[in-house]
Amino acid sequence: MNAVVVENVGKIFTVARRGTVTALEDISLVVAPGEFVSLIGPSGCGKSTLLRLIADLDQPTTGAVTVFGKTARQARIDQNYGIAFQQAGLLAWRTVAQNIELPLELHKVAKPVRRARVAELLELVGLTEFADRYPEQLSGGMQQRVAIARSLAESPGLLLMDEPFGALDEMTRERMQNELVRIRKETGAAVVFVTHSIPEAVFLSDRVVVMSPRPGRIRDIVAVDLGGTDVRDENLREATGFFATVSAVREALHGTPVDAVRGVENR
Amino acid sequence: MTRARPIIFGVVGVILLGALWEIYKAVGPATGVVIGGITVLPRTSDLAMPHLLTMWNRLGEPVLSQPGSPPLWQAVVAAAGFTLGIAAISWVIGVVVGMLLAVLMQRFRTAESALLPWIILSQTVPIIALAPLVSGFGSQLPNWQDWMSVVVIASYLAFFPVSVGALRGLESPEQAHIELMYSYGAGWWTTLLRLRLPASVPYLLSALRLAAASAVIGAVVAEVSIGLEGGVGRMMVEFASASSGDPGKPWAPIFGGIAIGLVAAGAVALLGQTLRKYRRTEVAS
Ligand SMILES: Nc1ncnc2c1ncn2[C@@H]1O[C@H](COP(=O)(O)OP(=O)(O)OP(=O)(O)O)[C@@H](O)[C@H]1O
Ligand SMILES: [Mg+2]
Chain A
1 MNAVVVENVG KIFTVARRGT VTALEDISLV VAPGEFVSLI GPSGCGKSTL LRLIADLDQP
61 TTGAVTVFGK TARQARIDQN YGIAFQQAGL LAWRTVAQNI ELPLELHKVA KPVRRARVAE
121 LLELVGLTEF ADRYPEQLSG GMQQRVAIAR SLAESPGLLL MDEPFGALDE MTRERMQNEL
181 VRIRKETGAA VVFVTHSIPE AVFLSDRVVV MSPRPGRIRD IVAVDLGGTD VRDENLREAT
241 GFFATVSAVR EALHGTPVDA VRGVENR
Chain B
1001 MTRARPIIFG VVGVILLGAL WEIYKAVGPA TGVVIGGITV LPRTSDLAMP HLLTMWNRLG
1061 EPVLSQPGSP PLWQAVVAAA GFTLGIAAIS WVIGVVVGML LAVLMQRFRT AESALLPWII
1121 LSQTVPIIAL APLVSGFGSQ LPNWQDWMSV VVIASYLAFF PVSVGALRGL ESPEQAHIEL
1181 MYSYGAGWWT TLLRLRLPAS VPYLLSALRL AAASAVIGAV VAEVSIGLEG GVGRMMVEFA
1241 SASSGDPGKP WAPIFGGIAI GLVAAGAVAL LGQTLRKYRR TEVAS
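So the sequences go chain by chain: A and B. Residue 42 in this note's numbering sits at position 42 of the first sequence, and the numbers go up by one each step. Here this note's numbering = 1-based position in the second sequence + 1000.
It is worth saying that the hints were derived from the structure and are not from the lab. Accuracy of the hints is not assured; some may be wrong.
[Claimed, not checked] Listed next, with one range per pair, are the computed distances between beta-carbon atoms:
1) Trp1188/B with Ser139/A: 33 to 39 Å
2) Gln98/A with Ile1120/B: 35 to 41 Å
3) Glu136/A with Thr1124/B: 39 to 45 Å
4) Asp132/A with Leu1270/B: 21 to 27 Å
[Unchecked claim] Partial pick of chain A residues on the chain B-facing surface, computed with a CB cut under 10 Å:
5) Ala55
6) Asp56
7) Arg76
8) Leu102
9) Leu106
10) Leu160
Keep in mind that this is a model prediction, so the values were computed, not measured. The beta carbon of each residue, even a glycine, is placed where N, CA and C say it ideally should be.
The task is simple: from the sequences and hints, build the whole structure.
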C-alpha cells in the first residue's frame, strides 16, 4: 500500500479583505512505502501547504489525500506519520528525553517501554549524554536532532519534514543529512521532505518533485539516478551522477537548460 | 550572589527611607511645607513625625496603660496573623476563580468576548461601594460572618490579575506547538495540561504576585469598610484616632501591614522556585 496518495488536490485560502489565494492546483503525487521524496520550488509555491495537507493540519479544497490507505485525518489520529519543522519546536520545560518521550506519553505507552524507546532514539541521534539537558542548553543542530528523534518516536511509516535543516549552518547541515540517510535506512520510513536546497534534495531523495508558484503546481518530477550505487555517503556528493541530477533539477526549476557541471548551488 | 542581590537592595532601600525620614525631621520646617494652602510636606513635630526610635520603643510597651495589657508588638503580630489568614483564603479563592475564568475564556472564544469586558469593568467598582452591598447580601444568608464579607471583597480584587494573566499565558504557546499537539491527536484537555498550563507559568507567576498584593490590600481595606475587628486594618483606624498623645502607636499596625505584604510576596517567590523549570524559554535555533 502506498504511503501517500495525493489525487488532484487543490487548496484555496480565503484571506480577509484580499480575496483568495490559490496555493495548490491539481496536485497528484504518489509516495511509495520507504520512498524518499523531496519537494522543491520557489518560495510561496505551496510546499508547506502540501505537507500540511498530508499531515491533516489543513484540509484540501478539492481532491483527496490518502495516507496508508486511510484518510489523512485517520492517519493523524492513528499516528501513522511523524513530523518535524524548520524550528525544532521543543517544549522548553521538558528535558531532551522528556521531549522525545512526549508522543509516547500522550499515547499512553507503558513507562518501561517508553524508557527503552527513548534510549534507543537518543542513541540513534547521538545525544545519549544530553538526555537530561533542557533545550536551551543545546545548539540549534542538537535541538533539531531532538525534534527528529521525537518525530521517529512511534516508528511511523511516514516522516513529514518541512525544511528541518533550514536554520542550520552548512557543516551541521551536511552532517544531519548523512544522519538522516542512516536513520532512514534503519527505520525504512517513507519521507516527504521540503527543502530549498537542490543538492540537499538530490543527496537525500529517490525522487525530487519540482514545483512552480502561482498557482502551486508540480512542474516536473526528477528521479535521482545515482549511477549504479545505492550508497549515499560523502563520496556521492562528489560523484558525476550527483552533479547530473543536480543540473536536471535546476533546469526543471528554472525552466531553461543550465551548463551541466557548474559546481554546486548551495541553497 | 545573584539571589542575595534583591535582598541587599531592599535593605539599603529601607535604610535610605529611614535616613530620609530622620533628616527631613531634623532640618524641615516645623510647620511643614505648604504651597498655595496645600500641605506638600508634613509638619516635623514629634506628634506628626515621631522618631524611628520612638516607633520602635513603642512596640515593646503595653497596648494600654491598664495593668495586664500585652505588649504592643504582640497585639500587632496577632492582628497581622489574622489579616494574613484572611488574605491567604482570599488569594486561594481569587486564584481558583481567576484560573477557571481564564480556562473558560481560552476554551470558548465567545466566553472571552462576553466575559472579559465585565471582568475589567468589575475592577472599577470601589471597595467603599462594594462593602455595604456584600455585607448586606451576606447578612441574609444563615451563618454568615463579617470575615466572610472581607474574604469576598479581597478575593474580588485578587481574581482579576489571575484571570487576565492566566488567559495571556494559556494563549502564549506558538502555533507550531499547538499543531504539534494536534498532530499527536491530542484533544483540548490534553493540550491544556501538557502545553497551555506549563507554558502559562511565567505569566501566571507575575499574576499570582499581583493577586497576593491585591488580596493583602483588599483584606486591610475591607476590614475597615466592613468594620471587622481583629485585623491590622481596624487596628490602624483605632490607633490613629485614639492616640493623639501617643505618636509611636499608630505606626505599629502599619508595620504589621508591611510585614503581611512581605510574607505574601515571599510565599509567591517560594512557589516560583518550585516551578523553576517551567520558567525556561527555548532559545531560537
Ligand atoms: N493560512 C494561510 N492563509 C492564507 N494564505 C496562505 C496560508 N498558508 C499559505 N498561504 C499562501 O499559500 C501559498 C503557499 O504557501 P506555502 O507556505 O505553502 O509556500 P512554501 O512553498 O512553503 O513557501 P516557503 O518556501 O517560503 O516556505 C502562499 O502564497 C501563501 O501566501
Ligand atoms: Mg514553507
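**Message:** Quick check on arginine 76/A please, does its C-beta sit within 10 Å of some C-beta on chain B?
**Reply:** 6 Å, holds
**Request:** Go ahead and decide if the range 33 to 39 Å is satisfied by the Cβ distance of tryptophan 1188/B to serine 139/A.
**Result:** 34 Å, holds
**Status of the given 21 to 27 Å range, CB of leucine 1270/B versus CB of aspartate 132/A** = 25 Å, holds
**Asked** Is the hint on leucine 102/A kept, meaning its closest Cβ partner in chain B is under 10 Å away?
**Response** 7 Å, holds
**Request:** Could you see if the CB distance from glutamate 136/A to threonine 1124/B stays within 39 to 45 Å?
**Result:** 41 Å, holds
**Request:** Have a go at the aspartate 56/A hint: is there a Cβ in chain B nearer than 10 Å to its own Cβ?
**Result:** At about 8 Å, which falls below the 10 Å cut-off, the nearest Cβ of chain B leaves the hint on aspartate 56/A intact, so it holds.
**Asked** Does the Cβ distance between glutamine 98/A and isoleucine 1120/B fall inside 35 to 41 Å?
**Response** 38 Å, holds
**Asked** With a cut-off of 10 Å, does the beta carbon of alanine 55/A approach a beta carbon of chain B closely enough for the hint to hold?
**Response** 6 Å, holds
**Prompt:** Per the CB criterion, is leucine 160/A less than 10 Å away from chain B?
**Reply:** Because about 9 Å separates leucine 160/A from the closest Cβ in chain B, which is inside the 10 Å limit, the hint holds.
**Interface restraint verdict for leucine 106/A against chain B (beta-carbon cut-off 10 Å)** = Holds - the Cβ of leucine 106/A comes within 10 Å of chain B, reaching about 5 Å at its closest.
When the structure is compared with the earlier hints, no violation turns up for any of them.
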